[in-house]
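Enquirer: These are the residues of each chain, in order.
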Amino acid sequence: KQEVTQIPAALSVPEGENLVLNCSFTDSAIYNLQWFRQDPGKGLTSLLLIQSSQREQTSGRLNASLDKSSGRSTLYIAASQPGDSATYLCAVRRWDSTLGRLYFGRGTQLTVWP
Amino acid sequence: NAGVTQTPKFQVLKTGQSMTLQCAQDMNHNSMYWYRQDPGMGLRLIYYSASEGTTDKGEVPNGYNVSRLNKREFSLRLESAAPSQTSVYFCASVQGAGTEAFFGQGTRLTVV
Numbered sequence: 001k002q003e004v005t006q007i008p009a010a011l012s013v014p015e016g017e018n019l020v021l022n023c024s025f026t027d028s029a030i031y032n033l034q035w036f037r038q039d040p041g042k043g044l045t046s047l048l049l050i051q052s053s054q055r056e057q058t059s060g061r062l063n064a065s066l067d068k069s070s071g072r073s074t075l076y077i078a079a080s081q082p083g084d085s086a087t088y089l090c091a092v093r094r095w096d097s098t099l100g101r102l103y104f105g106r107g108t109q110l111t112v113w114p
Numbered sequence: 001n002a003g004v005t006q007t008p009k010f011q012v013l014k015t016g017q018s019m020t021l022q023c024a025q026d027m028n029h030n031s032m033y034w035y036r037q038d039p040g041m042g043l044r045l046i047y048y049s050a051s052e053g054t055t056d057k058g059e060v061p062n063g064y065n066v067s068r069l070n071k072r073e074f075s076l077r078l079e080s081a082a083p084s085q086t087s088v089y090f091c092a093s094v095q096g097a098g099t100e101a102f103f104g105q106g107t108r109l110t111v112v
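Residue numbers (our numbering), protein chains in the order written: chain L, 1 to 114; chain X, 1 to 112.
Watch out, some of these pointers could steer you wrong.
Derived lysine to aspartate or glutamate pairs resembling EDC-like cross-links, with alpha carbons at most 20 Å apart [to be verified]:
no. : chain 1 : residue 1 : chain 2 : residue 2
1   : L       : K1        : X       : E73
2   : L       : K68       : L       : D96
3   : X       : K9        : L       : D27
4   : L       : K1        : X       : D56
5   : X       : K71       : X       : D56
6   : X       : K71       : X       : E100
7   : X       : K14       : X       : E79
8   : X       : K9        : X       : E79
9   : X       : K9        : X       : D56
10  : X       : K9        : L       : D84
11  : L       : K42       : X       : D56
12  : X       : K57       : L       : D39
13  : L       : K68       : X       : D38
14  : L       : K42       : X       : E79
Because the hints were derived from the structure by calculation, they are not lab data.
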């Protein structure tokens with residue numbers, strides 16, 4: 001069974017810092033990996049999708065890397081802002097009998113203070 | 001472009017009552033999913049549907065039933081609600097293996 005772990009569980013930093021959120025998964029036979037953001041009481045917003053053949057993906061101040069063989073992904077947030085405060089979820093997809101279900105980590109709760 | 005729409009957004013039920021959570025997507029996606037999110041547990045798959053007319057159980061299906069009414073709509077039914085079903089429910093859809101999954105805004109359900 002695929003297990004996804006996110007470290008740290010919570011992070012509190014001052015504005016302007018560069019951040020690294022970590023995600024690890026136990027089964028490297030993944031199709032792709034997706035990072036989401038969840039604001040309190042809200043749904044999941046997709047941030048980045050990395051295919052298993054890719055090493056990294058960038059969107060604005062966000063950069064996600066993937067090392068499939070070691071079962072790791074990192075989400076790098078540059079020059080953090082208070083508006084980045086949210087829970088960040090990592091999810092991996094295996095195209096198996098469940099036809100693309102996502103296996104989620106429990107998230108990293110990020111607080112960026114002014 | 002609405003994406004994935006869930007109704008209702010909030011619901012309070014008494015133990016034993018039934019209700020149906022609705023989900024609709026307008027992206028012509030093939031696969032749809034129902035997850036529940038509980039504190040400390042992460043998101044867990046309840047049921048999924050590969051295409052219209054097909055449904056299968058996920059990891060926590062007990063107490064739930066689903067219907068894939070057409071390609072757009074995938075509903076989740078609680079026949080006799082229990083306090084253990086208090087949770088936030090998310091519907092998701094995806095076109096294919098290499099594409100992004102999109103989520104609805106969630107239904108916050110409390111069973112008293």
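Enquirer: None of the hints should be skipped; say for each whether it holds.
Expert: A quick look at each hint next to the structure:
1. L:K1 x X:E73: violated (29 Å)
2. L:K68 x L:D96: At roughly 17 Å apart (the allowed maximum being 20 Å), D96 (chain L) and K68 (chain L) satisfy the hint.
3. X:K9 x L:D27: violated (35 Å)
4. L:K1 x X:D56: Status holds; Cα separation ~18 Å.
5. X:K71 x X:D56: Cα-Cα ~15 Å, so holds.
6. X:K71 x X:E100: holds (18 Å)
7. X:K14 x X:E79: The given pair, whose Cα atoms are some 12 Å apart, holds under the 20 Å limit.
8. X:K9 x X:E79: holds (19 Å)
9. X:K9 x X:D56: Cα-Cα ~25 Å, so violated.
10. X:K9 x L:D84: violated (24 Å)
11. L:K42 x X:D56: violated (27 Å)
12. X:K57 x L:D39: violated (28 Å)
13. L:K68 x X:D38: violated (28 Å)
14. L:K42 x X:E79: violated (26 Å)
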